[in-house]
Structure formats: structure tokens, C-alpha cells
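Colleague: Use the sequences and the hints to build the structure in full.
Those protein sequences? They're chains X and L, same order as listed.
Start counting the first sequence at 217; every next residue gets the next number (the numbering used here).
Start counting the second sequence at 8; every next residue gets the next number (the numbering used here).
Any given hint could be a false lead.
No farther apart than 30 Å at their CA atoms in a straight line, the calculated lysine-lysine pairs in the DSS-like style are these [what the hints assert, rightly or not]:
no., chain 1, residue 1, chain 2, residue 2
1, L, Lys260, X, Lys555
2, X, Lys400, X, Lys417
3, L, Lys86, X, Lys220
4, X, Lys297, L, Lys274
5, X, Lys596, L, Lys290
Estimated spans, in silico, between C-beta atoms of each pair [what the hints assert, rightly or not]:
no., chain 1, residue 1, chain 2, residue 2, range
6, X, Glu480, L, Glu22, 42 to 52 Å
7, L, Gly318, X, Asp389, 51 to 61 Å
8, L, Gly318, X, Asp484, 14 to 24 Å
Hints were generated in silico from the structure; no laboratory data involved.
As the structure is a prediction and not an experimental result, all values here were calculated from the model.
C-beta: ideal position from N, C-alpha, C; glycine also.
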Amino acid sequence: MTTKKDCIAMLLAGGQGSRLGALTRHIAKPAVSFGGKYRIIDFSLSNCTNSHIDTVGVLTQYRPYQLNSYIGTGSAWDLDKGRGGVSILPPYSTETGGEWYKGTADAIYQNLDYIDMYDPEYVLILSGDHLYRMDYRKMLKTHIENNADLTVSVMDVSLEEASRFGILTVDNDDRIVKFTEKPKEPDSTLASMGIYIFSKKILKEALIADSADPDSEHDFGKNIIPNLLADGHRLFVYRFTGFWKDVGTIPSYHETSMDLLDPEPQFDLLSDESPIMSRENIQPPHYIGPDGSVEECFVGNGSRVFGTARHSVLSINSYIGEGALVQDSVLMPGARVEKGARVIRAIMGENSVVSEGAVLGSEDPNSKIAVVGDSIVVEKGGAE
Amino acid sequence: MDRVIGLIAANFATEEMGELTDERTIASLPYGGRYRLIDFPLSNMVNSGISTVGIITPYKYRSIIDHIGAGKAWGLDRKNGGLFVLPGSVFGISSSGSRFLLRDVRRNLVYLMRSPAPYVLVTSSNVVCNMDYSELLKQHLQSGADITMLYNMADSDDPNRTGIKADGDRVTGVTHGVQDGDMAFLDCFIISRSLLLKIVEWYSAIDYLDLFEVLEDDFDKMDIRAYPYEGYAKSIFTVQEYFKRSMDLLDTKVYDELFERAPVMTKVQDSVPTKYMKGASVKNSLIPAGCVIEGTVEDSILFRGVTVGKGAVVKNSIIMQSCVLGDGACIENAIIDRSNVIRAGTVIKGSTEEAFIKEKNLI
Numbered sequence: 217m218t219t220k221k222d223c224i225a226m227l228l229a230g231g232q233g234s235r236l237g238a239l240t241r242h243i244a245k246p247a248v249s250f251g252g253k254y255r256i257i258d259f260s261l262s263n264c265t266n267s268h269i270d271t272v273g274v275l276t277q278y279r280p281y282q283l284n285s286y287i288g289t290g291s292a293w294d295l296d297k298g299r300g301g302v303s304i305l306p307p308y309s310t311e312t313g314g315e316w317y318k319g320t321a322d323a324i325y326q327n328l329d330y331i332d333m334y335d336p337e338y339v340l341i342l343s344g345d346h347l348y349r350m351d352y353r354k355m356l357k358t359h360i361e362n363n364a365d366l367t368v369s370v371m372d373v374s375l376e377e378a379s380r381f382g383i384l385t386v387d388n389d390d391r392i393v394k395f396t397e398k399p400k401e402p403d404s405t406l407a408s409m410g411i412y413i414f415s416k417k418i419l420k421e422a423l424i425a426d427s428a429d430p431d432s433e434h435d436f437g438k439n440i441i442p443n444l445l446a447d448g449h450r451l452f453v454y455r456f457t458g459f460w461k462d463v464g465t466i467p468s469y470h471e472t473s474m475d476l477l478d479p480e481p482q483f484d485l486l487s488d489e490s491p492i493m494s495r496e497n498i499q500p501p502h503y504i505g506p507d508g509s510v511e512e513c514f515v516g517n518g519s520r521v522f523g524t525a526r527h528s529v530l531s532i533n534s535y536i537g538e539g540a541l542v543q544d545s546v547l548m549p550g551a552r553v554e555k556g557a558r559v560i561r562a563i564m565g566e567n568s569v570v571s572e573g574a575v576l577g578s579e580d581p582n583s584k585i586a587v588v589g590d591s592i593v594v595e596k597g598g599a600e
Numbered sequence: 008m009d010r011v012i013g014l015i016a017a018n019f020a021t022e023e024m025g026e027l028t029d030e031r032t033i034a035s036l037p038y039g040g041r042y043r044l045i046d047f048p049l050s051n052m053v054n055s056g057i058s059t060v061g062i063i064t065p066y067k068y069r070s071i072i073d074h075i076g077a078g079k080a081w082g083l084d085r086k087n088g089g090l091f092v093l094p095g096s097v098f099g100i101s102s103s104g105s106r107f108l109l110r111d112v113r114r115n116l117v118y119l120m121r122s123p124a125p126y127v128l129v130t131s132s133n134v135v136c137n138m139d140y141s142e143l144l145k146q147h148l149q150s151g152a153d154i155t156m157l158y159n160m161a162d163s164d165d166p167n168r169t170g171i172k173a174d175g176d177r178v179t180g181v182t183h184g185v186q187d188g189d190m191a192f193l194d195c196f197i198i199s200r201s202l203l204l205k206i207v208e209w210y211s212a213i214d215y216l217d218l219f220e221v222l223e224d225d226f227d228k229m230d231i232r233a234y235p236y237e238g239y240a241k242s243i244f245t246v247q248e249y250f251k252r253s254m255d256l257l258d259t260k261v262y263d264e265l266f267e268r269a270p271v272m273t274k275v276q277d278s279v280p281t282k283y284m285k286g287a288s289v290k291n292s293l294i295p296a297g298c299v300i301e302g303t304v305e306d307s308i309l310f311r312g313v314t315v316g317k318g319a320v321v322k323n324s325i326i327m328q329s330c331v332l333g334d335g336a337c338i339e340n341a342i343i344d345r346s347n348v349i350r351a352g353t354v355i356k357g358s359t360e361e362a363f364i365k366e367k368n369l370i
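Modeller: If you want it as C-alpha cells, here you go:
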């Protein structure tokens with residue numbers, strides 16, 4: 217039986233995402249809720265399915281239970297396949313002992329056997345915590361046309377933003393001549409999106425060499441790419457022009473959520489272009505009560521609104537009691553705003569509660585976004 | 008409940024649903040914003056622990072097969088047991104409104120013969136309720152009855168429901184049609200598999216009749232009992248009942264009873280959460296995912312993928328899947344079947360006594 221695949225994906229989902237604070241105290245960043253019914257990993261997994269990549273290894277490490285059970289058999293993304301499909305790849309031990317994943321490159325290195333099982337020509341490396349729609353086949357086409365060893369997906373960013381990213385400098389053929397991590401004075405505005413296509417042979421060689429280097433941080437950006445560049449390999453960029461965002465911080469999570477509510481948002485969940493698939497626990501339609509009022513909101517199934525919601529994301533099973541107000545906020549699944557409470561410019565974690573008459577957040581546009589962790593109860597008078 | 012297999016008669020048809028059942032049977036009638044009526048018995052069976060379910064399909068089976076597929080949404084895509092699609096006979100004209108044609112069971116005897124389960128739970132697919140059938144099994148085992156029929160008290164005269172004549176809990180006969188306050192059959196019963204097989208054999212000559220019709224002379228010979236169901240359970244036989252029972256869902260108590268006890272499962276469609284635009288005004292309404300609302304919706308039920316344009320008004324209506332209501336359109340007391348495009352400014356009004364029905368658009 218042959219299990220050979222043309223291209224498989226390795227999805228890095230092991231990071232904590234510590235800059236999301238209370239939102240990732242109990243779950244890994246890829247499992248964080250987004251957009252009313254999705255989890256951040258849905259976007260990468262859906263991209264794989266929509267790009268006809270049917271073999272995806274998901275590398276997990278930090279608090280993996282929710283993520284593991286969420287992915288399940290992968291059937292929500294049509295990734296429950298006889299050959300291939302989705303596989304959860306946690307760190308494991310061998311006869312010589314076991315190790316945690318020491319970096320992005322090490323995580324892939326430790327799973328070279330998984331890659332060999334499918335013997336692909338190409339390996340796509342993804343992060344499980346980015347929001348974007350992308351057809352990876354177009355990137356693969358570019359990779360093949362360039363006869364590249366490695367292709368890095370890039371976005372053109374502004375010069376001010378460039379110093380926050382890994383920046384690639386290219387020649388006239390889009391061949392990479394220089395890579396600088398977070399440059400103070402960038403000489404290019406092509407930012408790496410952390411999406412790579414490797415020819416498998418080169419990937420394997422590079423990872424094996426890297427694993428033997430005691431000074432390496434085992435990171436694609438810091439070690440693998442500079443080393444390949446230094447060795448004169450064929451590295452190219454793939455220019456991506458759509459929406460892409462790493463919602464790595466509370467302000468960017470909040471801002472990106474609010475952007476969804478624009479009449480014509482940059483990242484349009486409603487676009488017919490390629491569906492975002494997610495694992496659904498079937499909930500009944502949501503109900504808006506006789507005195508409810510909802511404008512400029514996304515509302516998920518199973519929610520009930522008896523109060524007022526303005527310019528907010530109300531995820532599945534959220535609840536807004538009579539006389540309560542929710543404004544410029546994100547209610548994650550199961551969040552409850554009780555009677556007469558006020559929630560303004562806030563993010564409420566899953567199953568968190570703002571009690572009757574309590575206040576969370578502030579209208580002051582310069583104030584920090586208020587955040588309540590999963591299952592936390594905010595009492596009246598006890599708010600931030 | 009691992010000793011019970013399920014059998015759902017999904018082929019009941021009637022003239023009284025008007026245009027709504029031109030292209031589908033009652034079993035696949037859209038209900039409650041995202042469901043089909045068959046989701047209720049099917050989910051009840053699965054939630055009660057039944058893992059083998061046979062569905063007797065109607066003559067027009069495209070919509071029901073499209074909806075159920077391999078049974079994945081109900082966890083019935085299984086190696087052992089799971090979902091069995093049982094082809095039904097062409098439904099004949101029956102003055103009594105038969106629900107359980109003996110012929111349908113006879114055609115699918117193999118389904119019953121191959122199972123090792125001692126009991127069969129049989130239901131129709133036009134009763135809306137969220138019930139744990141294991142209560143019915145418990146009662147059936149305790150009484151040692153041959154057949155236990157589920158019933159509730161009729162809350163109005165209804166010529167379509169089957170009445171139960173009983174002495175205590177012992178059933179002495181059935182009637183066609185019920186009056187307010189009568190014991191009324193909820194088209195759900197439990198029977199031992201061997202007895203069901205025997206009945207099919209005994210009455211093979213008159214298998215064009217309903218199971219309870221052929222038993223008419225046997226009520227004194229058999230131990231047939233009635234078991235009451237106290238919760239919300241309503242049968243849907245007519246357009247009026249469909250409209251009324253749909254609107255029942257706007258009552259929080261009914262919504263809780265139908266959706267909170269155990270999940271009602273249905274085909275998943277990856278719909279995006281519903282987007283409310285500036286100027287939207289929605290009150291006392293049930294809205295599933297996948298809609299975009301810019302207008303006014305009051306006392307109504309929308310289905311997935313409905314667009315309500317700017318200034319459009321929907322009152323006391325049911326708008327089915329993928330309808331587009333143009334800017335300023337006005338819909339009142341109406342049922343708009345799926346995929347209709349209502350042009351801007353169009354006014355469609357039924358009366359409170361009789362809802363206007365706009366039939367399904369095939370596109």
C-alpha cells in the first residue's frame with residue numbers, strides 16, 4: 217500500500233500565546249474562541265481543506281486537552297481520512313529518552329518519522345494561531361516554478377511595522393538574499409508570515425544539521441532560514457495580498473474582532489470565497505427577547521438577548537439579561553451578562569459571568585480593554 | 008437502551024400541508040429555524056441510548072436522504088448498528104391517515120430479523136418533543152405489556168390524531184380523530200421484536216393497513232397499555248398546526264423544554280454567525296446562524312441564510328432557508344418557503360387566521 221502524498225502540512229499549535237493573558241490560562245492560543253463560533257485553529261485547518269491538503273500533523277504541547285478534543289477525528293474539516301487526515305503530534309519518548317519541543321524547528325525534527333510515513337515531495341509548515349484565508353496551492357505552484365528549496369510566504373507591510381517582523385530582502389526574481397529578524401532599520405517591507413513550503417529533502421537535511429548544533433535555538437526564523445541562506449540554497453518568497461493577522465495580544469484580538477463588524481470588513485467571515493469550517497455542538501437558533509435590541513453585532517446560535525447589544529461579538533450560548541448593555545465587546549461562548557449589568561470595551565472569557573448590576577470596562581477609548589478569564593465571575597462592585 | 012432498536016416511519020404524507028409538502032414529506036419539513044421534523048424522533052432515540060435506527064423513507068426521498076446522509080450528525084455512522092435506510096412503499100390513500108403501514112415493515116423484515124435486540128421503538132416523524140424514551144421502556148418492562156403506546160391529553164379537537172380508548176392504562180381500542188381532553192396517541196410505541204415479526208406474518212394478507220387497524224379485533228386478546236407523556240409534545244398534521252407549533256418556540260418555556268433537556272441534532276452547515284447591521288431591529292424572534300439582518304423582524308422565525316434588507320419588515324412570519332428579502336419588502340402573517348427572492352418593496356400579507364404561503368423556489 218502506498219501512502220505517498222504530494223504535499224503534507226505540519227501545523228504548529230504548541231505555543232501558549234502568553235501575551236493573551238487570561239484568555240490562554242487554561243487553553244492553548246489556537247484553541248481560543250474567535251468570531252462568534254470559531255476557534256483560531258479553524259482558519260488554518262480550513263485553509264488546508266480548501267487547498268486540497270488532506271494530511272495535517274498538528275503539533276501540540278501547551279495545555280493540549282481542549283485542542284485535542286476539539287480537533288477530534290478532524291471530521292469537521294473533512295480531515296477524517298482513511299489515509300492521511302489529521303494527526304495530533306504531542307512530544308513523545310523513544311528508547312533514548314524523550315524531550316519537550318525545544319522550538320519550532322525541533323518540533324518538526326522530532327516528527328520526521330511522521331513526515332517520512334507519507335514521503336511527500338513538499339512539506340507546508342503553518343502556525344495554528346493566524347487569521348487568514350489562503351490557497352496554499354498557489355504558493356506551492358510558485359515554489360515548484362522557482363525550483364525552490366524553501367518558499368516563505370510574505371506580506372508587504374508599512375515601513376513602521378516592518379521592525380516587528382522577520383524581514384526578507386529579495387532580488388529581482390523574488391529570490392531571498394537576506395533575512396533579518398525584527399530589524400531596527402529595515403531595508404525591505406516584505407514580512408514573513410511564518411508560513412513555509414520546504415522541499416522535503418532539504419527540510420530533512422536542515423533539521424538534522426540543526427538538531428546537532430548545541431548553540432541553536434531550533435527556530436525556523438532564527439536558525440533554519442539563515443543557515444539555508446548561508447549555504448546558498450534556493451530560497452524564494454511568495455507574495456500574499458489578502459488579509460492576514462496574528463492576533464497575539466489583547467489589543468489586536470479586540471481590534472480584529474471589532475473590525476469584523478464593519479459593513480465591509482477587511483476580513484469578511486461572510487465571504488463565499490472559501491468557507492471557514494468549525495466543529496459545532498449543535499445549538500438551537502438564538503432568541504432575541506421582546507425588549508432586546510441588537511445592532512452591529514455577530515450573534516451565535518444558542519444565545520439569548522433580552523437587553524441591548526451594540527457593536528459586539530456575541531458568541532454561541534451567550535446571554536444578555538434584561539436592561540443589560542454590551543458595547544464594543546467580545547462575549548466568548550457561554551458568557552453571561554446578567555440583568556442591568558454593563559460591559560463596555562471588554563473581552564469576556566468562556567462561561568464567565570458579569571453579575572446583576574455589575575460594570576465591566578469603560579467607555580474611555582484610551583482605557584485598557586477589560587479582560588475576564590474563562591469561568592470567572594465579576595461581582596457588583598468588584599469590577600476592574 | 009442497548010436492548011432497543013428504533014424504527015421511524017418517515018413516509019407519512021398528507022394533503023393538508025399545502026405547498027409546503029409538494030417537494031418533501033412532513034418528516035423533512037423545516038422547523039424551528041434550523042431543524043427538520045425528523046430531527047426530533049431521531050435525536051430522541053440517540054439521546055435515549057438507541058444506537059441502531061431504521062428510517063422508512065418516503066416515495067419522494069431526496070430531501071430526507073440529503074438531510075440525514077450517513078447519520079453522521081447523530082453519531083449514527085457506525086460500524087455496529089447505526090443508521091439503516093429502509094425503502095418505504097408508495098403511500099396509498101388511507102381514510103384513516105395511517106402512520107405505521109404494515110407493508111413497510113414487511114418490506115424491510117431483514118432489518119428486524121438480523122437484529123439481536125429484543126425490543127423495537129416505533130415512532131412517526133411529525134411529533135415535536137424532546138423526550139427520554141427510556142422512561143417508556145421502563146414502563147413497558149415493568150407492566151410486561153405486549154405493546155406500550157405513548158399518549159398525552161388532546162388540547163383541542165383534532166380529526167387527524169388517533170384517540171386511545173382505555174380502561175385504566177389498558178388500551179381497549181383506538182379512534183380516528185380526538186376531541187379536546189381525550190387520550191391521544193403520540194404516534195410512538197414500544198413492542199417486542201418477536202411480536203412485531205409475528206403480527207407482520209399473521210396479517211400479511213392485509214398489510215396495506217395500519218398496524219393499529221389490523222389489531223382492531225385483538226385489543227382484548229393482547230396486553231396493550233398506554234403511557235402518558237407530560238412534557239411538551241405536539242403533532243403537526245396541517246399548515247395551521249405547523250404555523251402555531253413553530254410560533255410556540257418564541258415562548259421561552261417551550262424553547263427550554265425542546266432544546267435544553269438534551270441536544271436536538273441536525274445536519275451541520277458551517278454557517279457564519281448572524282450579522283446584525285446598523286438599523287436592525289429584532290424583537291421576540293428566533294434567528295439561526297447564517298443570516299444578515301438590516302431591517303425589522305418581529306414575532307417571527309427565520310431559517311439559515313436569510314437576508315433581511317434595509318427597511319424590510321417581517322412580522323409574525325416564517326422565512327425559510329436562503330430567502331432574500333429586498334430593501335423595504337414587507338412580510339406579514341406568511342410562510343415563505345426556501346430560496347425565494349422577494350423584490351424590494353414587495354408586500355406579502357396573509358391573515359392571522361390563515362398564513363399566506365409562498366412556495367419553494369427550486370434555485
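Colleague: Going through the earlier hints one by one, which of them does the structure break, listed in rising order?
Modeller: Failing hint: just 2.
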